[in-house]
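Please arrange chain B on chain A, whose structure you already have, making use of the hints.
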Amino acid sequence: MTNRQKTIYVDTRRCMNCRACETACKLENGLPAGPRWTMVTEIEVTVDGVNKTEFLPMPCLHCGDPACMKACPTGAISKRTEDGIVLVDKEKCIGCRQCLWACQFGVPQFGIDGRMEKCTLCAHRFDDGLNNTACQAACQAEAIIVGTVDEISAKVRERYANSSRNLRKMEF
Amino acid sequence: MKKVLVVDQERCNGCQLCMMGCSMKKQDWVDFASARIRVAQLDNDLSLVTTCNQCEEPLCLTACLMEVIQRNTKGYVVREESACIACEACAAMCSFGAIHIVRHHEVAVSCDLCSGNPVCVGFCPTGALQFKESMDESCDRRENAAKRMALAVRISGHLGP
Chain A
1 MTNRQKTIYV DTRRCMNCRA CETACKLENG LPAGPRWTMV TEIEVTVDGV NKTEFLPMPC
61 LHCGDPACMK ACPTGAISKR TEDGIVLVDK EKCIGCRQCL WACQFGVPQF GIDGRMEKCT
121 LCAHRFDDGL NNTACQAACQ AEAIIVGTVD EISAKVRERY ANSSRNLRKM EF
Chain B
1 MKKVLVVDQE RCNGCQLCMM GCSMKKQDWV DFASARIRVA QLDNDLSLVT TCNQCEEPLC
61 LTACLMEVIQ RNTKGYVVRE ESACIACEAC AAMCSFGAIH IVRHHEVAVS CDLCSGNPVC
121 VGFCPTGALQ FKESMDESCD RRENAAKRMA LAVRISGHLG P
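Read top to bottom, the protein sequences are chains A and B.
Counting in my numbering, the first sequence tops out at residue 172, every number present.
Counting in my numbering, the second sequence tops out at residue 161, every number present.
No more than 25 Å apart at the CA atoms, straight line, and that leaves these computed lysine-lysine pairs for PhoX-like: (1) A:Lys26 x B:Lys3; (2) A:Lys52 x B:Lys147; (3) B:Lys2 x A:Lys90.
Residues of chain B placed beyond 10 Å of chain A at every Cβ, according to the derived structure: (4) Leu17; (5) Met20; (6) Lys25; (7) Phe32; (8) Ser34; (9) Asp43; (10) Met66; (11) Ile69; (12) Gln70; (13) Glu81; (14) Ala89; (15) Asp112.
Keep in mind that the hints were calculated from the coordinates and are not lab data.
Every residue, glycine too, gets a C-beta built ideally from N, C-alpha and C.
In isolation and in its complexed conformation, chain A is listed as follows:
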């Protein structure tokens, strides 16, 4: 289970707040004005005495032990066994918003029909044989990586290796 769990990784050094992920998400899932399945947050941080703004897209993190799933009184929220994606069944949802009060990340969204909807980690795209999400495909800076922990780890290691090789070239 653990090594098949798909998750989303964001490199905030690459994110430049273009919000292409938000737009691509809305287009992919046909969302009207209102619900935002991912949202780029702006945070002011101090690094080495310098104030700067970091950007962090906040989609659903597809937790290993989701608090929303425990809070749901009707069992509308479920976790897929094959890749750990947390999905919601709108037919079962009664719109009581307990999932939003339970989620520390503010992920559950309520549109005009009042039922909960949230990031599906583009489960339909993975089912169709694609290997990326709409936000990942739209991110020009390649800040978003979606996959299992092993896949993300391999990609981040590769990036780090490339960057340190560049540094060595510059030194010598």
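Same frame as chain A, now just chain B:
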């Protein structure tokens, strides 16, 4: 979007001022048994606020035989209390225990958000109760979560979920 009562359980300190305010508004005197909002004291020094969640598909509304429970023009679930026979069908169906029978009136009551201006929000000293749109609460929570992550990895100057 309609505004709802946002309850932050972590902020509640169990002072029960919301119950006091609610019963004063609804009954004109302090009577915790008739309060629409309830604060339960749990064993492990925690308190739990239960109030009507204003569900989009209310089970109480379907359960009511007398059609006492209705949705008003603002979209809130309200009751015509004079027609209620206190059969407790709504209380049995509610998953949250938000419906109470006021014994000396023999009538079932639940939070009606004081027709759009809840008194309990003004009474809450810790800010655990707020009256706002769920979309605003979602944005606030996302920003707070991102800030927490930023604090946790401030030294590395790099953050990510």
